[in-house]
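Trainee: Chains as they are written, first to last, in the working numbering: chain A, 0 to 237; chain B, 0 to 237; chain C, 0 to 237; chain D, 0 to 237; chain E, 0 to 237; chain F, 0 to 237.
The set of hints was computed from the structure by calculation and includes no laboratory data. Among the hints, erroneous ones may be present.
[Unchecked claim] Lysine-lysine pairs mimicking BS3-like chemistry, simulated, CA-CA at most 27 Å apart: (1) B:Lys-22 to D:Lys-22; (2) D:Lys-107 to D:Lys-1; (3) A:Lys-1 to A:Lys-22; (4) C:Lys-107 to C:Lys-1; (5) D:Lys-22 to D:Lys-1; (6) F:Lys-1 to C:Lys-22; (7) B:Lys-22 to B:Lys-1; (8) B:Lys-107 to B:Lys-1; (9) A:Lys-22 to E:Lys-22.
Number of protein chains: 6
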Amino acid sequence: MKSRTAEILRTVTTATLQMQLMKRGLRHCTMRGVRALDAAAPRLVGSAYTLRFVPFREDQDPLSRLGDTDNPARRAIEDCPAQQVLVMDARGVAHCGTMGDILAMRLKVRGVAGVVTDGGVRDAAAVREVGLPVFCAGPAAPATPAAHIAADRQVPVACGGVAVFPGDMLVGDGDGVVVIPAPLADEVAVAAAEQEGIEGFIFELVRAGRPVIGTYPPTDAVRAQYAQWLAAGRPPVQ
Amino acid sequence: MKSRTAEILRTVTTATLQMQLMKRGLRHCTMRGVRALDAAAPRLVGSAYTLRFVPFREDQDPLSRLGDTDNPARRAIEDCPAQQVLVMDARGVAHCGTMGDILAMRLKVRGVAGVVTDGGVRDAAAVREVGLPVFCAGPAAPATPAAHIAADRQVPVACGGVAVFPGDMLVGDGDGVVVIPAPLADEVAVAAAEQEGIEGFIFELVRAGRPVIGTYPPTDAVRAQYAQWLAAGRPPVQ
Amino acid sequence: MKSRTAEILRTVTTATLQMQLMKRGLRHCTMRGVRALDAAAPRLVGSAYTLRFVPFREDQDPLSRLGDTDNPARRAIEDCPAQQVLVMDARGVAHCGTMGDILAMRLKVRGVAGVVTDGGVRDAAAVREVGLPVFCAGPAAPATPAAHIAADRQVPVACGGVAVFPGDMLVGDGDGVVVIPAPLADEVAVAAAEQEGIEGFIFELVRAGRPVIGTYPPTDAVRAQYAQWLAAGRPPVQ
Amino acid sequence: MKSRTAEILRTVTTATLQMQLMKRGLRHCTMRGVRALDAAAPRLVGSAYTLRFVPFREDQDPLSRLGDTDNPARRAIEDCPAQQVLVMDARGVAHCGTMGDILAMRLKVRGVAGVVTDGGVRDAAAVREVGLPVFCAGPAAPATPAAHIAADRQVPVACGGVAVFPGDMLVGDGDGVVVIPAPLADEVAVAAAEQEGIEGFIFELVRAGRPVIGTYPPTDAVRAQYAQWLAAGRPPVQ
Amino acid sequence: MKSRTAEILRTVTTATLQMQLMKRGLRHCTMRGVRALDAAAPRLVGSAYTLRFVPFREDQDPLSRLGDTDNPARRAIEDCPAQQVLVMDARGVAHCGTMGDILAMRLKVRGVAGVVTDGGVRDAAAVREVGLPVFCAGPAAPATPAAHIAADRQVPVACGGVAVFPGDMLVGDGDGVVVIPAPLADEVAVAAAEQEGIEGFIFELVRAGRPVIGTYPPTDAVRAQYAQWLAAGRPPVQ
Amino acid sequence: MKSRTAEILRTVTTATLQMQLMKRGLRHCTMRGVRALDAAAPRLVGSAYTLRFVPFREDQDPLSRLGDTDNPARRAIEDCPAQQVLVMDARGVAHCGTMGDILAMRLKVRGVAGVVTDGGVRDAAAVREVGLPVFCAGPAAPATPAAHIAADRQVPVACGGVAVFPGDMLVGDGDGVVVIPAPLADEVAVAAAEQEGIEGFIFELVRAGRPVIGTYPPTDAVRAQYAQWLAAGRPPVQ
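So here's chain A without its partners, still in its complex pose:
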């Protein structure tokens, strides 16, 4: 992945990225039921470090294992590299937390880019204060052992109904979270930025009274106008 890619991805919306993925035939890259915990938090951009849970079972007693040094859930908190995103496969179980404020703070201190889980987040108010971008199924008081046993890390997982492979690029904003397969990240980022450029111009045209038919999606004529507008230094559209 090019070093500029993450930088570009911080400037484009998941709506645009999803369109670029769809143009490349990828229709299964947008998570369902996973939302920003804090609408005011910064956008999430980073590559995936994965953690997988299986259902709680009484004979496994995950409560007593929380402190085990080889507990995959705790190891993930310590081992997820800075700038990456911790992605948790919680089988979409919204009514159980998969992280609380102490773990969120540790990730923040370690420079991790954020968290994506299709489970819940406990002590949601305190997690919001930590300031880490967190996308989840919502607040939920129960601690992880109420529904989960940590199974393994850095394997392909399902999150919000989407396959996430370690290293895939994740982008999250107010519309949700999009997964960009690692080999496509550079190309999709550039194409998304281009799309947003022309769509910003079209938005101004429409605001000024242009109908959408014949304007959006852009015809060749609109593309030519856009090129002129860019060349002219983006003057106000009337």
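With chain A fixed as given, assemble chains B, C, D, E and F onto it according to the hints.
Mentor: Below, chains B, C, D, E and F alone, put in the same frame as chain A:
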């Protein structure tokens, strides 16, 4: 519909309207799973202009047809009359957008009263900024062609589990969206305003310490007190 | 229940309480699908006074019975003791209200601690203004008779998937609502406050750079450090 | 209820009964998610004896209480009168049984007409062999205490989304279970039998080639033909 | 469509057809929640004639309109051509019937190939006896007007989550219903028959002990063996 | 595990096993939404060999990889040991098959005990004919690559909402599938057989007229009677 009806409807809640419909035997007029995209947006009032989608199918390639001049989804954006509400039947598919910021801006520019869809809205943050009242199943990054093909316009549709016929009156607020069959709109609006008048008085009585039993729903005695209170110019209730 | 218990419960989170219940083998005490109507409202603490609904049936005509003096739904509003919480079993039907602003005001005036319902709340904006802590399945315009008939009061009920017996202690915050069986309330409250004490210390340790493995859950060494820190008057952690 | 009513109800389908209820304005009388456990079992007819469960909670330990002489679930098995139907409100929890073969045999021996539950049935194969008409959410291995605590008996309950009051008439067949409010049972039974009479004639007309438009629902002409056909001793229709 | 196509489609499974559609990039052609009402009924093959419902609304009174000569639901029964399949869009509402035994008999008499609905079927036992291939969401006692108003015919519809255009080819068996876009029917039918030919050979190889890896999906060597086996008159495989 | 354990497990029901697990504090061992494909097939008993899927994603192209010699889904078919059960984690996606008749035949030929999947099974009629015990979410025409990519084998998985570790004992019958943690299998099997012994006696008592209260669950007196009855050679109960 009388010209004053829309004006009255802008002053009464959906909770009151639903009660008036229920008193007339209509129990299937409140949408499910459809909420204001922006809690701070103004109330929605207007008559229905409908658009219907069927599921995406690869042989139909809706992506390439977005720019077609006869695409019903685009025609609806240009043809929905000012003051009316664009109602989209998206089969309750929350994980796919049915509109983004450019289309929202076009509707705003054209004077359309607002949008009701039981699908999602993409680029939700930008749509909120446009300032159009929008009621939907929530934000969703995928563009319409990810799940839908526009089928037809101005036919009876289902939206949020409710039948909507072109011309029905729609009212939306923080509790959701209520559909008022066109022939009942005048009558229901007047009755709702009357109900809110007396309930406002009852609220003051209760605030002042009156029990609800014997007061709410209003007895004849309470109705008489209300008439006196109105005649007295709505003095403070103690 | 000791008189200090409610006071302590006002200081601890539902996440902590759920953990203390889980440590005592109670895994089915956190409601699902029940949220604070107003995120800014104060925390909810109080013991349960229950009301149970069964489904609406046309031959029972609940609309005409709303004013009956023996209507359990209205009696509950007048009889729920001050400091207690009115808990409504609405079978998780989110699309119908179980209370509006007039009833909320009456409860507020009577000193009731708050409301927990797994149904909806109508006129949600007005209910928020009343200022009573309300936890519910969300706003919903339809009035109670649209889906419910009040059946009885002060019986064991289901709310948000949890059994609630009259007198159980309820605590609600941004993560949802936890039910504490009455006989466990004192013990759980004290243990929760202790847990929050040491977790506050651990949070400071982690903020200062400590890894979670070996720190959280606390080892004996961490507990000893915590005791010292307390003894030292909680100095800044570095 | 007239003594002939149950006899008539044994001859008419739930589809016909539901139509007669709908003609009287009752739209909420057909259970959802409740099916005959054994498609080959006889039809179910009888009045309701109700039992209500609330969710399992560990501090209540329902497992150890199964043998209590005052356990409402066991008392219901012994006290439900012969000819009546035991109706269980299991909150629609399909994954837990509410009865097994031993209890089914006891009900059979006691002459109970059958069982309707919106929960599961365990040891379903053995229950089928008992030969009691059982309508439920399907087979489920877990015993009742896995999800339920018996709360009370002979109170209004919800079953399959329908309110059931003690004494209501229940009829079950391959289409499911219909609840007939007790005061309507005589009238609905007679009207249903009449409807089935003329519909049997219409079925023969249609089999012989008559179009449905103008025939079904029956016009006055068809009703006259039916009267003649009855008077003629129901000759073959050609 | 070639005249042989329907004949071929009667010999291949929906599993094979779905695979051939998937090989052509069509992933959204298999209905969900739609099953054969009678497992023993013949396979369903025929092109689509569509009927669309919207939700019941009390002011529309569909019950009184059942006999209207222009009621789309009744017109569809009389107008759906022989050999075609009546496809009903019932928005997946399983708890309400969309057809009973009289209408099924009329379709049978008229030579219609069968019925596909994502709603229920009432009087299911009697419909099974009629012998028409029917695929639906299951038995349901309530008559169509309990949940539906017939809106229009021969428009694109959604059924079981799949878009169905008038004229599309439908095939149903024990695995469910597959929709084949009309222009692809000839090609897909031929390819499916070829796939089943070689898979039948592979099944025999596997029965005789061959591992699946290297055999299924067929390698070139397996394809050559298959050609020889065909040429040899399909001798027993050992 | 003792060699007699599987033999005993073939004689006891999942209902009994679930009760024995519950008596040992295990409440999360019964799958949800997983049923016998063929009610007439023999019971399923065997230890777990696991296979895990993640969601389909277009860039991974699972269709072209079906024949890869290292495809985990195909390797599982060849490597699952005889007498064991192939358990597939398909995230509960019922609308996509995870096996068809060719793979079922291969497993049968290899002596595998059966299959448990929380996904669908395609070509269900042909799979039933193979005669392998198969428990699944139901028939589904789409092939595995329509929704899944095989991720790995012999890891802990979730199936039907239950954690399954390689080597756990699985038992399936008409009530569904129960997972017995490997270390508990011997003990649970013996206790289940004992429970069924006394419950068979109680069933005869109840058939002969004994009330359930005081009989079931068995009191000490009933246990004594049972011992006598066994000693007497199980004479007819009157």
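Trainee: Indicate, hint by hint, whether the structure satisfies it.
Mentor: Going through the hints against the structure:
1. B:Lys-22 to D:Lys-22: holds, 19 Å
2. D:Lys-107 to D:Lys-1: Given that 27 Å is the threshold and the Cα spacing comes to 24 Å, the pair holds.
3. A:Lys-1 to A:Lys-22: Given pair A:Lys-1, A:Lys-22 holds - Cα atoms ~21 Å apart, limit 27 Å.
4. C:Lys-107 to C:Lys-1: Measuring from Cα to Cα gives roughly 24 Å; hence the hint holds.
5. D:Lys-22 to D:Lys-1: Answer holds: D:Lys-22 to D:Lys-1 is near 21 Å, not above 27 Å.
6. F:Lys-1 to C:Lys-22: violated, 34 Å
7. B:Lys-22 to B:Lys-1: Judged against 27 Å, a Cα distance of about 21 Å means the pair holds.
8. B:Lys-107 to B:Lys-1: Distance ~24 Å between B:Lys-107 and B:Lys-1 Cα, so the pair holds.
9. A:Lys-22 to E:Lys-22: holds, 19 Å
Consistency note: the structure conflicts with earlier hint 6 alone.
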